[in-house]
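Both chains are sitting in their own frames, so use the hints and assemble them into the complex.
Chain by chain, the residues:
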Amino acid sequence: MSDDSAIPAAGGPDDERIKEIGGLRAWLIRPELGGIIGTVAVFVFFGILAGDSGMFNAQGIMNWSVISAQFMIIAVGACMLMVAGEFDLSVGSMIGFAGIMIAMFGVVLAWPMWLAILITFAICIGIGAINGLIVVRTGLPSFIVTLAFLFILRGFTIFIPQTVENRTIIGGIEEAAEGDWLASIFSADIMSWVFVWLADIGLVGTFSRGTREGQPVIDGIPMLIVWAIALVIIGHLVLTRTRFGNWIFAAGGDAQAARYVGVPVDRVKITMFMTTAFCSTVFALCQVFEFGSAAADRGILKEFEAIIAVVIGGALLTGGYGSVVGAALGALIFGVVQQGLFFADVESSLFRVFLGVILLFAVILNTYIRRIITGER
Amino acid sequence: MSETAFHHDAPIGDKPIVEMKNIEKHFGPVIALNGVSFDVKPGECHCLLGDNGAGKSTFIKTMSGVHKPTAGEILFEGRQMNFASPRDAMEAGIATVYQDLAMIPLMSVTRNFWMGREPKKGLFIDFDKANSTTMAEMKKMGINLRSPDQAVGTLSGGERQTVAIARAVYFGAKVLILDEPTSALGVRQTSNVLATVDKVRKNGIGVVFITHNVRHAMAVGDRFTVLNRGKTLGTATRGDITPEELQDLMAGGQEMAQLEGSLGGTV
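First to last, the protein sequences are chains P and B.
Here the first sequence stands for residues -11 to 365, where the numbers follow my numbering.
Here the second sequence stands for residues 457 to 723, where the numbers follow my numbering.
This is chain B alone, in the form it adopts within the complex (with noise of 0.2 Å):
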């Protein structure tokens, strides 16, 4: 956690390090986002649920970046932003790890834990500080490297999600957004995921944990937003909901309690 750009103030407390009012965004004639709203306050992990097609990757890119919202305001830290580029969300302290395209598979951990922030001595990178950073910081996250040459596409699926994590928390991310971290991985995998989803969450940073499945949610979740048809059905804390009440909220309902009954409670 040391050297980085963007660790000036004490925590913020209760306050939300990111708030996303009203949003709507519109592709054209389709709306995609019909008014969602949604913050994160630091150390807690708030998970946005929905079922595919309920405007979950639009939201999260608005988030970062990506999207520029059609109507509605993101506040961070209280103050209105108007994130140009995914680099602006980036400066600000906001952080994605996506799903697929987290690491490049031929590349070594080093390299890719540091493109783009490569450390300098004089002309050349840093490799002595690059790799014995690289390889404390994985440890924390409870990953011992063979060697920090390795390359990425020797890891496991959880373990790059892992690395995305320790480097954005090492360059000093206040919210991590991580979009589907599980969906792809194994039991262990994603048990390890969200581990370091929980030392994360430790070190004050706000997590937005997006997933269709309820159960990973519950796992590491202090908030849940369920999003349906580009709106939000509303905002649960943890104890106040069950796993069943999210999951028909997720699929709206109604023909999912009919579902659940004809397959006897297995999904």
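Chain P with its partners taken away, still in its complex shape (with noise of 0.2 Å):
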């Protein structure tokens, strides 16, 4: 045995045993592989169907981005969260809880809109913090708690403006928030000289009639895309690039394995249920502040489609693998379908039935790309 030249060399390139992977299995073991796909399919169903109705002048380019960047949102923390092992079920009920909660500060107690907003992140990230810490330190499946958060935060999101105000809707928060420097960052509409100058020269529709005559009928870009494209951009320099994103990897590939080499797999689960707890209350913010109210039944089955942009993005539902580029291109062909479909003119009930289809398709894919990864047969 100390003759090392008798051993041979495993692996490697000179092994006659190892195939070399092609150029195709190497992209099909990226994860986004299924989101670009995806995406461009839907733009050339589109492009034929709906290329005619508006869907793709700078009007309908406005409608589906602003729909695509909520879903995106909200996927950024699903994705993350899932990548790291757990899943996160209450997200709909976190947007509801959270909309009344600036309702409650804002309007009905009519505190500055500021400390309305700082205050509803901190109880929103706590109950995240909660949710996680139950987890882990129950060791009990994270459907299950975050399922009884769904209807423990769906309930308080009814009975809390019902027992004070006695209704579920809460209007009025657009004059509260009126001048509020941190309103702003989630209701403004940024770069609208760009819009300005594109009606000059024709390529925005301008108002005929009315008040704002002659004004481009695009104010600017929404701040809820301004968050929506920072979020992706940062949760995917976290995941790829940085130390925690390897433990993330880590805590949701084999928690076990993870804790032995020193990686604190409790803390990384606890600061991702965190944030998709961020996520969820940014989504609600932009949200209340573009209606200019909050009301009880808002984001009721946003968890399911956060999950299942997710995993259209290629993330794995048992953990441990994923891209959060990935899950933003899932979002995408989320919001170009629900409004192509309306400007195909095609009923919108199909929209479910797409879902549920693309989803199926999706885990198929995923296992199958598993298996390549990890030399399963």
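A couple of the hints might just be wrong.
[What the hints assert, rightly or not] On the chain P side, residues computed to face chain B include the following (Cβ under 10 Å):
#1 109
#2 181
#3 245
#4 246
Derived from the structure by calculation, the hints contain no laboratory data.
Every value quoted in this text rests on a predicted model; they were computed, and no experiment measured them.
The beta-carbon is built from N, C-alpha and C at its ideal position, and this holds for glycine as well.
If you want it as structure tokens, here you go:
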């Protein structure tokens, strides 16, 4: 055994038992693949079906971009949590809850809006931390723990405004947020000069009647879209480039193996639950400032839509593998299809059929990819 | 072997790095270990043999800080130690490579290699350094990787053990505990792992090699300790003991001798 030269080198390009991985297979194991193909497919599809319906003029693009950006915001949180090996089914209820909190503090109690926003963030992220703590302390599946919070939070979301105000929709948020510096981070439109210029050269239509005659029909880029892009970029960098990102993969890939090399798995998972809660709150804030009201039924089913976007984006339901960019593409597919069916004048209930079908395809594809990566048969 | 937190002093020579004295471990009414003594010196491979249920796992888990001994003392480089967690034992320089839990299959070799100690450049992981070091360390162990991005899942069982061993060595382990590293491997992969053990030992690291396979133990071991029913049956030095005697000790002598007779010495 002491003669090293007698030991054949295992693996490596010189090993006749290992086939070279072709370019196609190398591409196949990228998590974003499904998302990229899906994105191209839906654009081609609606380009043909609804190309002349106004879906791809400036207003149409803004329309589906806003919807996609909404999905993206919650998909980023859900993606990183799923890579860490957990789910959060309370995302939708958290959106409703955060909206009502803003209304309670900012309108009913008439506190300054920036204070209402900060307190709402603190409460919601705190609830995310409780979710995470229960999961890591009890070892229960996050599916059950967050399912409980789905009902608990929705119950409070209806109970609180019902008891205090005797109604479940609270308006007047726009007025209460008027001129507030922190609220504008969630509600403003930026770069309106671009659209004024685009209107001047005729690429964007202008109002032809009313008080805003002559102004472009698009005010600017909503902060919702800025938030979505920023969260996707930050999420992607954290997950793929940082030490903490490596720990997220490790916590979801094999928590015990990760603990053995000193990765603080519990801390990572709790942080990811808090991140998901943060994303839900951002979503809720953008929504209440856009609508000017908070309602107890907001956000229903959002948790599943977020999970589907993440799965389309190539993440494995079992954790340890996934991509924020993929999840963002999944969200884009969502937005384009949901609004595209409207532009193409197709019955909108078919959107759910599409969701179910594409979810099934994505999961089957992901299972196959997992086998390629791990060499299982 | 560069840039490690643990290389402060020169090899100690013949003094043991870790010395376990009369370790007892009780789980409620069950006495898993009943006074086990064991030590590892730098540059030696000390094999811990025993049949299933002999207490090998409990013993190495005590050594690596997972369990606290009920009685007995642990000396590390002559000082009494009281490990509160595996992390403590790791910081001291005791690295354990578990059979199944060594690696995360979905992650790349580089990400596995550096897990928990990723090199940073500013905010981000220094992937240039991480990748090149991983490739170089794996080459030293005789594994040519196709790419450092390769998922560990594509490696064979023996290669995965080798990555885990290379990782422990690179991060300055003074004692390397290998928990049944060869039990699930084929012949060729086993010889790869045994060759790796040999290289590690030559670097002055003390290796604790747990196995129930006498042939694997004889291939690399310098000393052999047999555990049976929670007790040590003694430590033998290489050359003083034959494989047959070791086999008998492991099985508790008498019955095995009879069984072996009826099987014609094939076990």
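Evaluation of the provided hints:
1. Among the interface hints, the one on residue 109 of chain P is violated; its C-beta lies about 23 Å from the nearest C-beta in chain B, farther than the 10 Å criterion.
2. A cut of 10 Å between beta carbons decides the hint on residue 181 of chain P: the least distance to chain B is about 33 Å, and the hint is violated.
3. For residue 245 of chain P, the suggested interface contact is upheld, since its CB lies about 4 Å from the closest CB of chain B, less than 10 Å.
4. The beta carbon of residue 246 of chain P is positioned within 10 Å of a beta carbon in chain B (closest approach about 7 Å), and the interface hint is therefore held.
Violated hints, listed in ascending order, are 1 and 2; each of the other numbered hints is respected by the structure.
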